[in-house]
Structures are given as C-alpha cells and as structure tokens.
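Student: Generate coordinates for the entire structure from the input sequences, incorporating the hints supplied.
Quick mapping for you: the protein sequence lines, in order, are chains A and B.
Position 165 (the first sequence) corresponds to 165 in the numbering used here; numbering is contiguous.
Position 776 (the second sequence) corresponds to 776 in the numbering used here; numbering is contiguous.
The set of hints was computed from the structure by calculation and includes no laboratory data.
We treat Cβ as the ideally placed atom computed from N, Cα and C, and that holds for glycine.
Each hint should be verified, as a subset may be incorrect.
As the list claims (entries may be wrong) - A few chain A residues that don't get close to chain B, going by computed Cβ distances all over 12 Å:
1. ALA3
2. GLU5
3. GLU10
4. GLY59
5. ASN97
6. ASP100
7. GLU130
8. PRO166
9. PRO179
10. THR220
11. ASP221
12. SER264
What the hints assert, rightly or not - Quick look at which bits of chain A chain B covers, simulated, 3 or more residues with Cβ under 8 Å:
13. 28-38
14. 45-54
15. 229-241
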Amino acid sequence: MHAFEYQHAETIEGAAEFLTQDNKAQLLAGGMTLLPALKSSLVAPTALIDLKGLIELKGACVDGDALVIGALTTHVEVAESEVINSAIPALTRLAANIGDAQVRNRGTLGGSLASNDPSADYPAAVLGLEAVIRTNRRDIPAAEFFTGKFETALQTDEIILAVRFPIPEQAAYVKFPNPASHFAIVGVMVVRDARGPRIAVTGASACVFRARELEDALRTDFNEHALDGLKFHREDLIDDLYATAEYRAHLVMAMARRAVAMASTRG
Amino acid sequence: MSRLQMTVNGQEVDINVDDSRYLSQVLRDDLRMTGTKIGCNEAECGICTVLVDGTPVVSCVYPALKANGRRIETIEGLDQHGELHPLQQAFLDHGAVQCGICTPGVIMTAKGLLDQKSAVGETVTEADIKSALKDSYCRCTGYQSIINAILQASGQNVAPYIPATQAAGQTVGQPRPNPNSLAKITGKARFTDDYNFPGMLYARTKRAGIPHGRILSINTAAARKLAGVHAVLTHADIPGRNLHGVVVADWPVLCADKVRYVGDAVAIVAADTPEIAEAALELIEVDYQVLPIVSDVIAALRPNSTLVHETHAEGNLLKHIKVRKGDLNAGFAAADVVVDQTYRTPTTEHLFLEPECSIGVPAGYNPTKFGGNCDLLAVRGERAKHDKTTIYVGSQIPYTDRDQAAAALGVPPDRVRVVATLMGGGFGGKEDIVGQIHAALLAEACKRPVKMLYTRQESLMVHPKRHATIIRIRTGATSEGKLTAVEATLYGDGGAYASLSDKVLTRATTHATGPYDVPHVNVDCFAVFTNNVPCGAFRGFGVTQSCFAVESNMDMLAEKLGLDPVEFRRMNALDVGSVTATGQILRESAGLNECIDKVDFDMRGQNFRWTWDEGHLRYAWGLAVGYKNTGLGGGAPDKATAEVEVWLDRQKGPQAEVRISSAELGQGLPGVLAACVGEELGLPAEQVNVLLGDTDFCPDGGPTTASRQSYVSGNAARLAARAVAAKLAPLAAGFLGCDAATLEFIDGEIIAGEESVSVAEVLTLAEASATSTVAQYEYWAPKTEPLGSGGDMHFAFGFCAQAVLCEIDMRTAEVNVRQVIAAHDVGRALNPLTLEGQIEGGIVMCIGYALTEHYIQEQGEPWTNVMARYKTPSIVHAPKIISHIVEHNTADGPFGAKGVGELPSIPTSPAITNAIYRATGVRVRSLPVDQDELLKAIRTSATEVELAWGDRDPIPTIKFGGER
Ligand SMILES: Cc1cc2nc3c(=O)[nH]c(=O)nc-3n(C[C@H](O)[C@H](O)[C@H](O)COP(=O)(O)OP(=O)(O)OC[C@H]3O[C@@H](n4cnc5c(N)ncnc54)[C@H](O)[C@@H]3O)c2cc1C
Ligand code: FES
Ligand code: FES
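Tutor: In structure tokens:
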C-alpha cells in the first residue's frame with residue numbers, strides 16, 4: 001500500500017502553496033477517482049491536500065445570465081439543488097445519474113473536470129454549455145480546458161474554484177451507460193441558446209468534443225428529425241471491447257436524437 | 001501518525017493513525033469492528049459502506065483522517081438495546097440476506113437513503129432505491145428481496161414475496177429466515193478475514209504472471225532478508241505432496257519446473273504486515289524460459305500442439321465424454337425437419353463478493369506467548385485448543401481440504417483440522433483448494449498463525465471459472481412435433497488443470513438433449529487443457545452451457561414446424577415413464593409439464609402478445625426449460641453423515657444440535673437442516689442449533705456441490721434426529737405406559753393418543769438414567785450407475801420453466817429483462833423463503849450470463865483483471881420475478897425434497913435470446929449478447945449474430961465427433 005501524508009487545506013492560497021512546494025502532492029476532493037487510482041498504483045502522490053474545509057468552493061448561485069457552481073460541490077448537491085434545477089435542469093439530471101449514492105456523496109464537479117476521464121459526464125456539459133472554468137489564477141474557457149485523455153489545461157499548482165455556466169434556453173444530457181461501470185460509453189449534451197445549437201460528446205473519443213456537423217443540422221430546425229438520415233463520422237472514435245467505433249458513432253446519433261427530443265419538449 | 005478523534009456508533013474514539021490508512025482499516029483492524037466488509041478495495045462493490053455524518057461513503061477509499069471530528073455509523077450500531085432497526089427486521093423478513101457479505105453495506109446505504117428521505121418527508125420509491133444502490137453489488141439475492149425490504153422498512157406495506165407451497169409441517173415448509181441471518185444483519189457474523197489471532201502474520205503469493213513457461217531458477221534470498229519477513233517458501237520447502245486437485249491431483253501447490261497459467265503459485269511469503277509481504281514478492285526473482293501457449297481448444301487437440309501437461313497420456317485431451325442412445329441414423333431418417341447450429345458460451349467468473357481467505361494456525365499454538373488470549377469462539381470451546389494444524393476457511397468441501405492440506409504437510413489427515421467459517425458466496429468457485437494449503441504451510445514454517453487473504457485482482461486471476469464451450473447441435477423432429485434425434489459435439493476449455501472439468505463437462509454432455517424424451521442420441525464432448533485460467537464448478541455445472549444450445553434449437557425447430565414453442569416443448573417433455581439421454585427411466589417426481597403449464601398460464605394472462613412495440617421500444621416474450629440432476633451421480637458413492645444431540649437447557653428448554661461438515665454458502669442450508677431435525681423431534685427450528693464444517697466436530701457431509709445438500713445432508717440430519725427420537729421413545733413410552741412405536745413428536749410433546757409427556761421431561765429422565773441422547777446417521781443416497789451403463793445415472797432431477805419479457809431499444813439494441821415468470825419443481829419446499837432467494841438469485845445470475853458477463857482472456861492473460869471490468873448484474877438490471885414452486889415429491893428425498901441450488905440459473909439465458917429472436921428476427925449464437933453486433937444485424941436485416949461481447953473471432957466450424 002502506498003504511503004502518503006494527509007493535509008488539510010485551510011485556504012486556497014495555502015493549498016496552492018503546498019502544491020508549489022511539493023510537486024508530487026495532489027489535491028483531494030471527493031477522492032472517488034484519485035484514491036482508487038492510488039490503490040491500484042496508477043498514481044503515487046507524496047501528500048494529499050484535502051480541500052474539504054474550503055466551504056467557499058461549495059454551492060451554487062445565479063450571477064446575471066450565468067449559473068456558478070463551486071468546484072467542491074458534490075454530485076448529490078448538484079442533483080438536489082433547487083437553484084441549479086431552475087437554472088439548468090440538465091445539470092441536475094446529469095449529476096443524479098453519476099455512479100451510485102456513495103459516489104455522488106463524495107465526488108465533486110472540480111474533481112471530475114480535473115480528472116477529465118474520457119467517459120465522465122460533466123465534461124460534455126461544460127463544453128456544450130461553453131462554460132468557463134475559474135481557477136486561482138485565471139479563467140479558462142471550456143474549449144481550451146480539455147486538452148486530451150485525462151489531460152487538462154491546469155498547471156500543477158492550479159486549483160479549480162468554480163465553473164460558470166451560461167444559462168441556455170434549452171439543454172439536455174443523455175448517456176448510454178457501460179453496463180459494468182455505468183460511466184458513459186457515449187454521452188451527449190445538447191444545448192440551444194442565442195448563439196445557436198451546440199452538441200458536445202463524451203465517452204466516444206479520448207477527449208470530449210463538439211459534433212459540429214450535427215449542430216449545423218439543428219441550426220435551422222431544432223428537432224430530432226432534423227438529424228434523420230445523418231451519419232456521424234469521426235476518425236478518432238474509441239474502438240475497444242466495450243463498443244466498436246462504428247457502434248459508438250451510431251450511439252452518438254441515437255443519444256443526440258434523444259437529447260434533442262428531451263431538450264425541445266422541456267423548453 | 002496523526003491524531004484521529006471521531007465517534008463511532010456514539011462512542012468516542014481517540015487514536016493515532018498513520019496518514020495513509022483508510023477508514024475501513026481503522027474500523028476493521030484497529031478497532032476490531034469487523035461488521036464492515038471488504039469486497040474489492042477499489043471503490044467498485046459498495047459493501048464497505050458506512051455513514052459519515054449520516055451520508056453513505058465507501059470506507060475503503062475514505063482516508064481515515066478525513067473522519068476527524070465526524071460521526072461514523074456502522075452496522076454494529078444499528079440495533080439498539082436488543083431491538084432491531086426496521087431495515088434489519090425487513091431484511092430478515094424478506095430473506096434479503098443470503099451469504100451476508102454485502103448486507104452491512106447495503107443496509108447502511110439504505111439507511112442513508114431512508115434517513116434523508118424521511119428528513120424531507122418524502123416517500124422512498126423503487127427508483128430511489130435503484131439509484132442509491134446502482135453500484136452496490138449483491139451476487140446472491142437477485143435484488144428483488146432487497147428492494148422489497150427497503151420499501152417495507154420505509155414504512156410501506158410490502159409483504160415478503162413467498163410463493164405458495166403445499167401444506168407446511170411443524171417446521172418443514174415454514175418460511176423462516178436462515179438461522180445465521182441475524183448475525184449477518186447485526187455485523188456479528190464472522191467471515192474468515194474477520195478472525196484475528198495474537199501473533200498472526202500476513203501472507204502473499206508470488207504468481208507466475210505468464211501463462212506458460214519453464215522455471216529456470218527461483219531466487220528468494222533478497223526477499224528473505226527484508227525486515228519483517230518471516231518465511232519465504234518454494235516447492236523445495238513442501239514436506240509432503242506437491243500436488244492438489246479435487247478429482248485428479250495435477251496442480252502443483254508451488255510450481256517447481258513449469259507454470260501453466262498466469263495465476264500459478266511459485267512462492268509464498270509470510271510477514272508482519274500485508275504491505276511487507278507484498279514488498280517481498282517484488283524481491284523474489286524467477287527466471288523463465290517462456291513457452292508457446294495454447295489458448296484455443298480446437299488447436300490444442302491438433303497433433304503438434306504445445307502440451308500443457310507433457311506427461312498426460314492423451315496430450316491436451318483431458319477427457320472425451322460420450323453419450324450414446326438408440327440409432328442416430330434411424331432417428332434422423334425419421335425426422336421431417338432438422339436444425340443444425342453451432343453455439344458458443346463464454347468463460348465466466350463467480351464474483352462471490354468475499355475474496356478467498358484462509359488462516360493457518362500451527363499445531364501447539366499458544367496465544368498467550370504473543371500476549372493474547374484464546375479466541376474461544378474461534379476454536380469452539382476449551383476442548384479444542386489448537387492441538388493440531390488448523391485451517392480457518394470458507395470452504396465448500398472441508399474434509400477434502402483437510403486431506404489435501406495434510407498430504408502437502410506430509411502428515412496424516414487427522415493431524416489437520418479445518419474449521420469452516422461463514423462464506424461470502426461460493427457458487428462453485430470455492431471448491432478447489434486455493435490458499436488453504438499455503439496458509440497451513442506458512443503457519444507451520446513460522447509457528448505462528450498466518451492469514452492468506454486474496455486481493456480482488458488475485459481472486460479474479462486465480463480460482464477456476466465456468467467453462468467456455470463451443471457446441472454444435474443437430475436436432476430432428478417429425479412434422480407432428482416429436483423429437484427423433486439429437487446429435488451434439490461439445491468442446492470445453494478446461495484451462496490449465498483438471499479441477500472439476502471431467503464432472504462438469506459430463507453434466508453438460510448428459511444434459512445435451514434438454515429435458516426431453518429423445519429416442520436417438522449421440523453426444524461427444526472434449527474437455528481440453530489450455531493455458532487459460534482453469535475451469536471448474538459453477539452453479540449449473542455445465543448444464544447452463546448446453547441448455548443455451550438445446551433451447552435455442554428448440555425454438556428454431558418450433559418455428560420451422562409452425563408449432564407454438566410452448567406446445568412443442570410440452571409434446572416432448574420428460575415425464576414419469578420417460579427415458580433420459582443416458583437411458584435412465586424416470587420412475588417418479590418429474591414435474592416439468594406442471595412447470596410449463598404454470599409459466600404458460602401466467603404469460604398468456606391478459607391481452608397476450610408474443611411481441612409488441614411502444615415507441616422505439618420493442619417487447620417480446622421468450623421461454624426456455626431446463627433440468628438438473630441432484631447429487632453426484634454417475635456411480636459416485638454419495639453419502640453424508642450427520643450427528644444430532646438433544647439436551648435440556650434449564651433456561652431455554654430442550655435444545656438440539658445437528659453437526660455436519662456440509663458448507664453454508666448463503667444458500668440457506670442451516671435453516672433446511674434445522675427444519676428437518678425440528679420436524680422429527682417436534683421442536684421449533686429456533687431450538688435446533690446447526691454446527692457446520694468443523695472436521696473435528698462434524699461428521700463428513702460430503703462436498704457442497706451438485707445441489708445435493710438438501711437431499712443428502714437433509715436426509716442424514718433427519719435420520720440422525722429420528723435415531724435420537726428412537727432413544728427417547730422408550731423413556732416416554734415407559735412414562736406414558738404405552739407402546740414406543742405409536743409415539744408422535746409434536747410441539748415439544750411426545751404424544752400417544754390422548755396422553756402426552758413433554759420432551760423436556762423425557763430429557764430429565766434421560767439424564768437421570770444416563771441414557772445417551774446423541775446419534776450419528778450415515779445416509780447413503782440411492783445408488784447410481786456410471787455413464788454408459790444405461791442405468792440410473794442420478795437419483796433425482798429438478799425441473800424448471802422460465803419465461804422472460806425482454807425490452808429491446810430498436811435504436812441502440814439495448815436489451816433489458818423486465819419480467820421473469822418462473823416455475824421450479826424442487827420436490828418439496830423445505831423453506832419457501834430461502835428457496836425463493838435461491839430462485840431469484842439464480843435467475844439474475846443467469847441474466848448476467850446472457851447479457852453482460854464475460855471473463856475475457858487474451859493469449860492466456862485475463863483482461864477482466866479488475867472488478868470494474870467484469871460486468872455482473874446490478875440492481876438496475878433486476879427484473880420483476882414471479883415465481884411458482886412445483887412440488888412433485890420424491891420418495892427418498894427428505895420430506896420429498898430434491899434440491900434447487902443450480903436449477904434457476906440454467907434456462908434464463910436461452911429464454912432471453914429466444915425473446916430477442918422474436919423481437920428482432922436475429923438469432924444470437926454466442927453469449928453474452930453484444931448490443932453492438934445485434935444492432936448491426938437489426939439494421940442490415942441479418943438473421944443471426946455469432947460474435948458475443950468480447951469475442952474477436954467467429955465461432956469455429958466443428959465436426960460431429962471431433963476432428964480425430
Ligand atoms: C464506482 C464509481 C462510479 C462512477 N461513475 C461515474 C459516472 O457514471 N460518471 C462520471 O462522470 N463519473 C463517475 N465516477 C467518477 C466520479 O464522478 C468522481 O467522483 C469524479 O470523477 C472525481 O471527483 P472527485 O471529487 O472524487 O475527485 P478526486 O478523486 O478527489 O480527484 C480527482 C483528481 O482531480 C484533482 N482535483 C480535485 N479537485 C480539484 C480542484 N478543485 N482543482 C484542481 N484539481 C482538483 C485531484 O488532485 C485528482 O487528481 C465514478 C466513480 C466511481 C468510483
Ligand atoms: S467498494 Fe470498498 S470494498 Fe468494494
Ligand atoms: S447476500 Fe449479497 S452478496 Fe451474498
């Protein structure tokens with residue numbers, strides 16, 4: 001078993017300071033990704049800096065035309081938040097379908113984004129909604145944040161503080177779950193606002209991406225049938241034991257249709 | 001080290017802990033609160049769940065220091081002042097506890113949910129329960145009873161689901177919780193890893209890590225030098241026989257010259273902590289000459305194939321099994337239609353939630369030497385201090401374990417004692433000896449107790465699995481619908497060692513006609529050695545595999561003949577007077593037709609349609625039937641000995657104890673034995689204690705396999721109780737002045753006509769007259785004949801029919817099972833509550849077989865090496881199950897019972913693929929169903945799918961009778 005030191009972060013600056021001093025230390029939020037990885041020797045941090053005490057990183061509020069959610073807000077808190085549900089109900093639904101009660105009780109928005117697991121749900125919402133990730137250093141637009149499989153634009157001593165989601169007119173997220181892990185084999189976020197329709201896809205490729213050709217099809221007619229007859233194609237779709245690239249391409253269409261139908265009936 | 005202050009179940013805890021410890025470790029190891037269990041240690045299974053400030057969290061990945069200042073609740077704190085929490089009571093009432101390893105976690109998660117809902121005044125729904133427990137696994141119950149129990153505990157009026165059965169006796173036939181369930185829901189139940197002995201060391205095993213190689217050298221010098229290491233053993237250190245095996249001893253205890261699969265053991269280490277033992281493994285150097293591997297059963301039998309066992313007389317052919325009946329050519333000549341198809345079934349994993357664990361305690365062990373006391377509960381009283389090598393293990397076969405360990409230690413069997421602890425699920429996967437011998441060897445080498453606990457990853461890699469098979473089967477029928485002939489050839493992948501392959505694949509072969517009267521039969525089966533993980537026993541014992549092929553062909557034939565599939569099965573069903581494929585005439589107890597009728601009636605209830613659409617969802621029914629022998633059969637002597645003792649306890653009144661080595665896997669055996677004994681002695685089941693699996697105190701009940709325990713051990717217990725009753729009868733007769741032969745034992749009284757005397761009083765008389773009140777009975781099951789003799793190969797068969805309602809999303813090919821209607825002929829329901837639990841659990845396990853489970857190996861390397869990759873059904877897959885019990889009593893079974901353990905997990909998978917065919921026109925020939933391939937077939941209007949999820953290559957073409 002790997003040994004580590006356990007530290008409480010008292011302030012955001014303090015946490016950043018730890019990271020600067022020890023580049024092998026890691027932030028601990030819910031631990032639902034980090035600790036299983038640590039137990040199976042995929043990572044070996046010297047110290048864990050628990051963010052738990054930083055209550056300023058928790059909670060949600062509407063700020064002008066955007067919804068701001070703190071990085072430390074757990075999935076269950078998102079699932080049950082009235083503020084979030086009245087602003088962007090697609091987010092509460094997304095969070096309610098992550099893992100089981102134990103995972104939702106501890107896993108956080110910030111942890112999920114920082115891990116950028118190719119089959120995690122939140123990245124699709126963040127990219128689809130064109131959210132902005134606020135860190136202790138800067139604001140990172142979603143389009144620049146997710147840089148690759150398990151990789152993000154975060155620096156080693158950068159801490160996600162909150163995510164700012166512009167409130168859309170309509171949005172919905174639908175996933176096709178892996179029967180073993182319930183992670184997304186394909187997850188599709190559909191958004192519609194003044195700037196037009198957007199579709200972000202998780203699970204299908206090494207990193208979340210926008211399906212622009214589908215967006216184009218929806219531009220004139222935001223209706224599931226506008227996608228009829230379209231075939232989704234992309235070079236780098238994952239082809240593994242869980243699903244072939246071809247099946248994933250098909251699922252992108254099927255989930256997109258479902259999400260559009262759901263978004264348009266919800267209004 | 002840091003200070004940790006928290007409350008655990010209301011008690012203040014203030015200790016120093018290492019920073020990198022997890023809450024589960026602090027609870028289990030430091031505070032010795034072992035109610036919280038460990039199943040995976042990787043945040044996958046949910047069984048380690050506790051509440052932190054009221055919220056469920058998995059304690060195996062919760063840093064202990066995070067709990068500082070918090071309020072922890074565990075299963076041990078749930079019952080207050082002897083009063084059970086409503087959840088505990090509901091789990092008991094609904095039989096939602098089987099092996100019990102998942103129970104603490106499931107109950108704590110449910111408590112979190114109920115508390116949260118009641119705080120906001122909301123009612124708990126089934127959807128809430130499924131969402132909360134989505135990744136919390138239970139391998140035994142099938143979830144329906146868990147859902148019902150939680151609903152009941154939330155204050156809703158949900159009665160336990162108990163199917164109707166024939167009139168119950170005093171104890172037999174009464175639905176009641178298994179006696180050990182109470183301990184399991186309160187966290188008191190102890191599984192092997194829950195035992196701790198003063199001075200105990202921790203062991204780990206050095207595995208081959210490659211599927212085939214010659215060992216050139218093993219160097220353990222560096223590992224031995226590591227501080228904290230007490231012993232490193234290799235083949236050279238084994239005092240006795242360096243082989244084991246349940247049927248044939250071909251499996252090295254520690255490999256000497258070559259390794260045959262990735263999980264082979266090369267060296268074992270005992271150290272002060274598991275971490276040190278783990279570190280020592282890294283220091284052991286083994287040089288191999290890597291050998292080519294065989295992983296394909298057909299290639300393995302070709303003349304120039306690499307050999308897994310160079311000295312095996314028939315090369316890689318482990319066994320060729322044959323069934324011959326009638327004249328095959330005549331049979332097919334009489335057929336008007338013939339279906340000839342090839343199927344494939346996957347290797348699958350038991351995934352019992354308790355990983356294997358054994359503790360070896362050396363002969364002469366004295367805990368006071370290590371500053372501790374004797375764990376009297378562990379040794380069962382003063383009489384039995386550790387005077388011989390003792391092994392604590394959750395084993396399916398304690399006596400065989402004892403004999404095998406003794407052989408390796410080089411001592412006579414009576415110098416070893418096996419104490420069977422509770423088992424967190426077995427399903428056949430704990431029949432082969434695993435760490436038992438290693439723990440015993442290390443204990444004797446170090447003269448200290450040694451615990452050998454497998455990690456989940458190790459468990460996945462090491463123990464024998466269910467055989468992958470390729471089955472070609474040709475079935476002929478007349479235009480009226482009478483079956484005329486079946487020809488089949490099976491290849492079974494036995495993996496690297498013999499294990500139970502011979503027996504399992506014999507069962508696959510003899511059951512390859514299905515439960516039908518077929519006059520002309522020719523079946524060949526080839527059990528084959530490969531460098532894959534060995535295969536052995538798994539609930540269904542080979543019949544699960546052949547049933548898939550048989551029942552697929554049956555639906556195809558029905559379609560060709562234009563017959564209703566149910567009617568077609570009825571026309572051919574085995575009945576009293578029929579002759580099985582092996583030539584056995586069924587003389588009694590063949591309730592298949594009644595099973596079919598019951599299922600058919602329910603299925604065709606209101607507005608019946610075979611298939612219909614709701615939007616893009618298509619629904620369809622599918623049906624299949626199955627049968628399975630009870631008992632070892634095939635001429636193997638099948639016996640069990642039980643001991644029953646009664647005495648008078650001044651406070652509690654008359655008490656009985658039944659002792660037998662048979663194993664409780666969570667299937668409910670103690671309840672069955674208590675009922676059998678109680679019925680004979682006229683005592684309530686609560687007054688019958690059941691002591692299982694201690695080779696020093698329990699006579700041999702034989703292996704817990706082949707659904708034989710209710711029948712064989714049930715009879716032994718019942719007849720031992722009757723022998724005790726016969727000892728009491730003269731005393732009672734003397735007292736009452738009547739003939740001892742006329743006495744009846746009812747409700748604590750011994751009755752002769754109008755007169756009666758209490759059992760308590762008679763026991764006082766017995767004590768005064770020093771009359772013995774203990775008896776042993778050695779029960780021999782009816783004799784069976786070997787395969788090929790045409791005689792009675794088995795003394796009883798269970799039968800069943802199942803209909804499933806599948807929902808198929810026509811846009812994605814997602815398949816869900818929404819409802820199952822089942823009927824099982826079990827002879828007699830000895831305990832309808834635990835019986836229903838077996839049925840529901842078996843069905844859901846077989847849904848996994850059909851839809852999700854595949855133990856994938858690539859060139860001998862398991863890909864499914866972590867729990868997150870092995871897809872067992874979770875609560876979201878749980879269908880609604882409607883169950884009928886059919887009771888065609890068998891003359892020799894206890895109170896007419898036959899046995900049920902395996903039956904439910906036999907026909908579900910073909911019922912599902914038959915439904916898929918009806919919905920989509922696509923015949924699935926390979927399991928588990930691959931949604932990807934199915935969708936492709938639907939969209940291209942193909943009529944079949946031959947690649948399962950995880951398959952890369954098409955099903956090979958095989959010749960009837962094999963290549964040779
Ligand atoms: C059984 C199971 C099922 C799951 N199912 C799903 C699912 O269906 N869908 C899904 O999307 N996810 C799923 N997850 C993952 C889950 O959502 C994780 O909780 C989440 O991805 C990580 O969040 P965390 O708070 O636990 O992060 P942690 O594990 O604590 O941290 C993860 C990484 O993020 C870093 N980090 C954490 N917080 C910050 C921050 N504020 N700033 C910068 N870096 C930070 C950490 O240093 C670490 O490297 C599942 C997990 C499990 C165990
Ligand atoms: S989730 Fe903790 S032991 Fe499985
Ligand atoms: S009772 Fe749930 S795993 Fe055995």
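Student: With reference to the structure, classify each hint as holding or not holding.
Tutor: Structure-based check of all given hints:
no. : hint    : in the structure
1   : ALA3    : 5 Å, violated
2   : GLU5    : 5 Å, violated
3   : GLU10   : 14 Å, holds
4   : GLY59   : 17 Å, holds
5   : ASN97   : 8 Å, violated
6   : ASP100  : 4 Å, violated
7   : GLU130  : 28 Å, holds
8   : PRO166  : 29 Å, holds
9   : PRO179  : 5 Å, violated
10  : THR220  : 24 Å, holds
11  : ASP221  : 20 Å, holds
12  : SER264  : 16 Å, holds
13  : 28-38   : holds (count 5)
14  : 45-54   : holds (count 3)
15  : 229-241 : violated (count 1)
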